[in-house]
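In my numbering, the protein residues as written are 17 to 385.
Do not take every clue at face value.
What the hints assert, rightly or not - Taking CB as the label site, the calculated pair distances span: (1) Arg152 to Arg360: 44 to 52 Å; (2) Ala119 to His60: 24 to 32 Å; (3) Pro326 to Leu83: 41 to 49 Å; (4) Asp247 to Ala97: 53 to 61 Å; (5) Pro326 to Arg155: 27 to 35 Å; (6) Gln173 to Arg69: 23 to 31 Å; (7) Arg130 to Pro326: 22 to 30 Å; (8) Ala119 to Gly319: 45 to 53 Å.
Source of the hints: derived by calculation from the structure; they are not laboratory data.
Where is the CB? At the ideal position from N, CA and C, for every residue including glycine.
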Amino acid sequence: MRILVVATEILLPDRHGGSTHVSELVRHLAEHGPTLLLARRGSHGEGLAAVGRPMPRLAALRQANALANVPAALREARAFAPDVIYERCTSYGLGAVLSRTLAAPLLTMILDQRYSWLSLLQARRLVATRLDLVPRPVRHKAVKVSWGANAERFSPQVPGGPARERFGLGDDFVVGYSGSFRPWHGVDVLVEAADRLRRLRPDRRARFLLLGDGPERGRLEARVRELGLADRFVLTGSLPYDEVPAALAAADLCVAPFVPERHGPSRARGFVLDPLKVFESLAMGKPTITIQAANIEALFRDGEHLRLTPPGDPQALAEAIAQVMDEPAAARAQAEAGRQQVLRHHTWRAHAEHLVRLFSEMRADASRR
Numbered sequence: 017m018r019i020l021v022v023a024t025e026i027l028l029p030d031r032h033g034g035s036t037h038v039s040e041l042v043r044h045l046a047e048h049g050p051t052l053l054l055a056r057r058g059s060h061g062e063g064l065a066a067v068g069r070p071m072p073r074l075a076a077l078r079q080a081n082a083l084a085n086v087p088a089a090l091r092e093a094r095a096f097a098p099d100v101i102y103e104r105c106t107s108y109g110l111g112a113v114l115s116r117t118l119a120a121p122l123l124t125m126i127l128d129q130r131y132s133w134l135s136l137l138q139a140r141r142l143v144a145t146r147l148d149l150v151p152r153p154v155r156h157k158a159v160k161v162s163w164g165a166n167a168e169r170f171s172p173q174v175p176g177g178p179a180r181e182r183f184g185l186g187d188d189f190v191v192g193y194s195g196s197f198r199p200w201h202g203v204d205v206l207v208e209a210a211d212r213l214r215r216l217r218p219d220r221r222a223r224f225l226l227l228g229d230g231p232e233r234g235r236l237e238a239r240v241r242e243l244g245l246a247d248r249f250v251l252t253g254s255l256p257y258d259e260v261p262a263a264l265a266a267a268d269l270c271v272a273p274f275v276p277e278r279h280g281p282s283r284a285r286g287f288v289l290d291p292l293k294v295f296e297s298l299a300m301g302k303p304t305i306t307i308q309a310a311n312i313e314a315l316f317r318d319g320e321h322l323r324l325t326p327p328g329d330p331q332a333l334a335e336a337i338a339q340v341m342d343e344p345a346a347a348r349a350q351a352e353a354g355r356q357q358v359l360r361h362h363t364w365r366a367h368a369e370h371l372v373r374l375f376s377e378m379r380a381d382a383s384r385r
């Protein structure tokens, strides 16, 4: 089966969730047949064609921008001759044009409210991590999927000693965070929790290892200094995706303190994203704390696989961290249960296998028409 992946707004390699999704998707789909990715201009790597123009900030221009990608995308797609097409919704209908032109069945992934009705109508299948994200008139075509982690890369076997030495962490208890420094990721909540934790456990020294970068970094660093916590925080800056597991291995505990009300698509619908950093830390067998949100609670059970705290609540986060520090054996057992949950249900390999089954159904449907 020849699979064309249309993600012309995604730059590869890059250091955010969208690039992780696309790179892992293509890597694992390629295990099932020749796979070509249509990515953004400036991308490089095997098995991709860099044809997409950067997405305009103004939403009204995005559909036109997608159609401007048609000539270059169609040239690459024709030469590849796909049997099926997978499209990220944020390609805004480009996959639909290619599907109609090449008579190749289309599957479109719905991430949030950014999509084109060209794709919703042309697609034989729609996939989403939450079916309520799919508009009601086309929801009958929708299938629920789960994203995940690369369990071979994010593994408990990755040693933490080298990263502890690299970042000067010694034998301290280390709280890890990996991701963007954007408002809705809630890193500021973690900074405030660190201040409260210092008062909750004055006899214990916790360090905070933050992997990533983003527009909030300067403000966060200023707040860390203001609180007198500069010796407790290590900010590594952005790391290549391949280096994240080795750095995260230094952590005794990982946190994902999202604040959904700061995320536009989540403000009205509740948290809409599958949290990749949670899958990854659990895949490594790390005790993990994240937020109470319906989509997370549908994937993991509080107190069995991980710990959940109210979003935007630094006191609750500090108390949860203190509990992990106080009860390491219980935390490790919980993390192992979380890891098994990820291995059973939330890996990129399982996600790709699910998509391939849907592709096969689509091709069978097309052959009967």
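So, going through the hints one by one against the coordinates:
The hinted window of 44 to 52 Å between Arg152 and Arg360 is violated, with their beta carbons roughly 31 Å apart. Checked against the hint of 24 to 32 Å, the C-beta distance between Ala119 and His60 comes to roughly 30 Å, which is consistent with it. The beta-carbon spacing between Pro326 and Leu83, approximately 44 Å, falls within the hinted interval of 41 to 49 Å. The hinted window of 53 to 61 Å between Asp247 and Ala97 holds, with their beta carbons roughly 59 Å apart.
At about 31 Å, the beta-carbon gap between Pro326 and Arg155 stays in the expected band of 27 to 35 Å. Under the hint 23 to 31 Å, the C-beta atoms of Gln173 and Arg69, about 41 Å apart, miss the expected range. Our hint of 22 to 30 Å for Arg130 and Pro326 holds, since their Cβ atoms are close to 28 Å apart. For Ala119 and Gly319, the hinted distance range of 45 to 53 Å is satisfied, since their beta carbons lie about 51 Å from each other.
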